[in-house]
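Trainee: If you're matching them up, the sequences are chains A and H in order. Residue numbering for the first sequence is 221 to 486, as defined by my numbering. Residue numbering for the second sequence is 9 to 329, as defined by my numbering.
Hints may contain errors.
Below, a list of computed lysine-lysine pairs in the PhoX-like style, where the Cα atoms sit at most 20 Å apart [stated by the list, open to error]:
# : chain 1 : residue 1 : chain 2 : residue 2
1 : A       : K357      : A       : K345
2 : H       : K194      : A       : K344
3 : H       : K194      : A       : K345
A partial selection of chain A residues facing chain H, derived with a Cβ cut-off under 7 Å [as the list claims (entries may be wrong)]:
#  : residue
4  : V282
5  : F283
6  : I303
7  : A318
8  : V320
9  : L331
10 : G332
11 : F341
12 : I342
13 : D343
To be clear, the hints were calculated from the coordinates, so they are not data collected in a lab. Built from N, CA and C at the ideal position, the CB exists for glycine as well.
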Amino acid sequence: MEPDCKTEVRRPILSISGLGKSFGNIQALKDVSLDIYDGEILALVGDNGAGKSTLIKILSGVFRPDYGQISIAGRVFRHLTPIQSLKNGITTVYQDLALVDCRDVPCNVFLGREPTRAGFFIDKKRMASETESLLSKLNISIPSLASNAGVLSGGQRQGLAVARAINQGGRVIILDEPTAAMGVRETEQVLELIGNLGRQGYAVIFISHNLHHVFSVAERICVMRNGELIADLCARDTDPDQVMEMIAGVRQKQGMGRTEVVNEAL
Amino acid sequence: MRRGNISSWNKISPQAILFAVLILLSLGLSVHSPFFFKWDNLRNVLDQSTLNIIFGTGMTLVIVSGGIDLSVGAEAALAGIIMAIALHAGMGVTPAIVAGLATGLLFGLLNGSCIALLRLNPFIVTLASMSIIRGLTLILTGSIPISGFSEDFLWFGSGNAGPLPTTAVIAAVIALLGAVVLNWTKLGYYSTALGGNEEALRRSGVSTATYKIALYILCGFTAAVAGLVMTARLNSADPTAGYMMEMDAIATAVLGGTSMRGGAGSIGGMVIAGLLLAVLRNGLVMHGIASYYQQLLTGLIILIAIFASEMRSRSRDGLSI
Numbered sequence: 221m222e223p224d225c226k227t228e229v230r231r232p233i234l235s236i237s238g239l240g241k242s243f244g245n246i247q248a249l250k251d252v253s254l255d256i257y258d259g260e261i262l263a264l265v266g267d268n269g270a271g272k273s274t275l276i277k278i279l280s281g282v283f284r285p286d287y288g289q290i291s292i293a294g295r296v297f298r299h300l301t302p303i304q305s306l307k308n309g310i311t312t313v314y315q316d317l318a319l320v321d322c323r324d325v326p327c328n329v330f331l332g333r334e335p336t337r338a339g340f341f342i343d344k345k346r347m348a349s350e351t352e353s354l355l356s357k358l359n360i361s362i363p364s365l366a367s368n369a370g371v372l373s374g375g376q377r378q379g380l381a382v383a384r385a386i387n388q389g390g391r392v393i394i395l396d397e398p399t400a401a402m403g404v405r406e407t408e409q410v411l412e413l414i415g416n417l418g419r420q421g422y423a424v425i426f427i428s429h430n431l432h433h434v435f436s437v438a439e440r441i442c443v444m445r446n447g448e449l450i451a452d453l454c455a456r457d458t459d460p461d462q463v464m465e466m467i468a469g470v471r472q473k474q475g476m477g478r479t480e481v482v483n484e485a486l
Numbered sequence: 009m010r011r012g013n014i015s016s017w018n019k020i021s022p023q024a025i026l027f028a029v030l031i032l033l034s035l036g037l038s039v040h041s042p043f044f045f046k047w048d049n050l051r052n053v054l055d056q057s058t059l060n061i062i063f064g065t066g067m068t069l070v071i072v073s074g075g076i077d078l079s080v081g082a083e084a085a086l087a088g089i090i091m092a093i094a095l096h097a098g099m100g101v102t103p104a105i106v107a108g109l110a111t112g113l114l115f116g117l118l119n120g121s122c123i124a125l126l127r128l129n130p131f132i133v134t135l136a137s138m139s140i141i142r143g144l145t146l147i148l149t150g151s152i153p154i155s156g157f158s159e160d161f162l163w164f165g166s167g168n169a170g171p172l173p174t175t176a177v178i179a180a181v182i183a184l185l186g187a188v189v190l191n192w193t194k195l196g197y198y199s200t201a202l203g204g205n206e207e208a209l210r211r212s213g214v215s216t217a218t219y220k221i222a223l224y225i226l227c228g229f230t231a232a233v234a235g236l237v238m239t240a241r242l243n244s245a246d247p248t249a250g251y252m253m254e255m256d257a258i259a260t261a262v263l264g265g266t267s268m269r270g271g272a273g274s275i276g277g278m279v280i281a282g283l284l285l286a287v288l289r290n291g292l293v294m295h296g297i298a299s300y301y302q303q304l305l306t307g308l309i310i311l312i313a314i315f316a317s318e319m320r321s322r323s324r325d326g327l328s329i
């Protein structure tokens, strides 16, 4: 299942092969293999329960897979711990963003990795200046660094969480429904940010239920259903209707709102 | 770095208001009584504020992290008793004080471990340890206070360091260290983050348990320092010493702008609050109002301070009151 939109030969930054995971009797993930390259924007789509979250949680070290392996920039792991995942450059921005609302922008960007002087005193100046340059590099506009995270807009908060992910050394940024519950303008900002990340050479995996958003920014679309990766598509070779059919496992009747189940080898 | 109006209003204003109240109250008292601004009385006020400030420093750090420590009064009493027993056993002043301070550290460690490792509610844990520690003080002393110490030891409670009472200098040092920890170290940053969003801190790869335990250890340490001051001031280690002091400590911290929800606090504000409470008490005494009313007043002040801080955080979150 090699993506046809990647023609050049290069080493993937993240490569997973044959990952499987079950919870009791439920096989949440079946033999999933996927290569992700620097600068690539990959959308992971699928209905609820398709296995997207299980896959993401294995990558971020929350779940331990039953079988399969993960290799990050050549290093092979049977499973990851959250710290290993973070240290190897996989950072996940969950839907709740995990911001400290009562703290200002630099505090959030540097949470957990504050620079110190003399090994003790926090270097606030460095935090502020590095935050400023990071935000401008990512083209994230936050008017005042002294604002607490709690007063920022949804788009700014997303930007702040992404900036932190990158500051934590992230090379593969996983975004869990970054555009959920956002206004039109904020959604636009977030999609622009995702495109920007790709141009800066970061690999982005983003989960979304909104195919319009997926098609406006992703180069590659991976469809999951019933724990399997059923399609790995190049965005320009497909269209929302086709992807929708794959997600649902149903074919939409031409010109009618009704749908019928397509029998597939399941 | 540009500064936002909203955040600076929220940060600076409560302490400024508190300071204005302190000045106005002092001026009012000095109009009523010519004795208020006499150096002896001011020294007295300073001396009275020291316990609040010492206790309040540790309490501020813990409350900022979203926790609470109800055992500080009992810890202070136990630390004083350990010092007294050590002194009466013939130990030198320094080793005796070290032993007392170590007691505070130990119970801070125990409190913190129960809260962070066993994940128990801080209110219940420290309520239980308050009772356990108070029990230990009674067992160790047979409920009879231990009195009579050397001048060297009493210096910590009633001596002078230059023109100032020793106690005031101790309080100033503790508060200064507390401010440095809160505003300039990882421990302070993580204390605020623990109170703001513990999960975020954990996901950033920080061992939250370590920092939580460290905060309770610091709180136990400040309680033991307060125990030193109390014991040396009264020349007596009393098993009932520091009774209800946890209330004063909480009142000082919250009045100083520390949010009971955690995530925000100010050592500077806490110091002003400590002074304000001491001035208030001084005023009550000068006006001949019975000390019974002081406890009633402390409770009212806690209520009002919590109400004010809730209003502030609600308006900060953009909620209607």
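Trainee: Taken at face value, is the distance from the CA of A/K345 to the CA of H/K194 at most 20 Å?
Mentor: Cα-Cα ~15 Å, so holds.
Trainee: Grab the minimum C-beta distance from A/F341 to chain H and call the hint holds if it beats 7 Å, violated otherwise.
Mentor: With a closest approach of 5 Å, the A/F341 hint holds.
Trainee: Let me know if the C-beta of A/G332 comes in closer than 7 Å to any C-beta of chain H, holds or violated.
Mentor: 3 Å, holds
Trainee: Holds or violated: is the Cβ of A/A318 closer than 7 Å to a Cβ in chain H?
Mentor: 4 Å, holds
Trainee: With chain H as the partner, please determine if A/V282 meets the hint condition of a C-beta pair closer than 7 Å.
Mentor: This hint is violated: A/V282 lies away from chain H, its Cβ roughly 10 Å from the closest one there, beyond 7 Å.
Trainee: Tell me if A/D343 is really an interface residue toward chain H, meaning its C-beta lies closer than 7 Å to one of theirs.
Mentor: 9 Å, violated
Trainee: Can the hint on A/V320 be confirmed by a CB-to-CB distance to chain H that is less than 7 Å?
Mentor: 4 Å, holds
Trainee: May I ask you to test the interface hint for A/L331 with respect to chain H, counting a Cβ-Cβ separation under 7 Å as satisfied?
Mentor: 5 Å, holds
Trainee: Are the Cα atoms of H/K194 and A/K344 separated by 20 Å or less?
Mentor: With Cα atoms ~11 Å apart, H/K194 and A/K344 stay inside 20 Å; holds.
Trainee: Let's test the interface hint: is any C-beta of chain H closer than 7 Å to that of A/F283?
Mentor: This hint is violated: A/F283 lies away from chain H, its Cβ roughly 15 Å from the closest one there, beyond 7 Å.
Trainee: Between the alpha carbons of A/K357 and A/K345, is the straight-line distance 20 Å or under?
Mentor: Between A/K357 and A/K345 the Cα gap is close to 18 Å, so the pair holds against 20 Å.
Trainee: Can we keep the A/I303 interface hint, with Cβ of chain H closer than 7 Å?
Mentor: Cβ of A/I303 sits 6 Å from chain H, so the hint holds.
Hints 4, 5, 13 from the earlier list are contradicted by this structure; the remaining hints agree with it.
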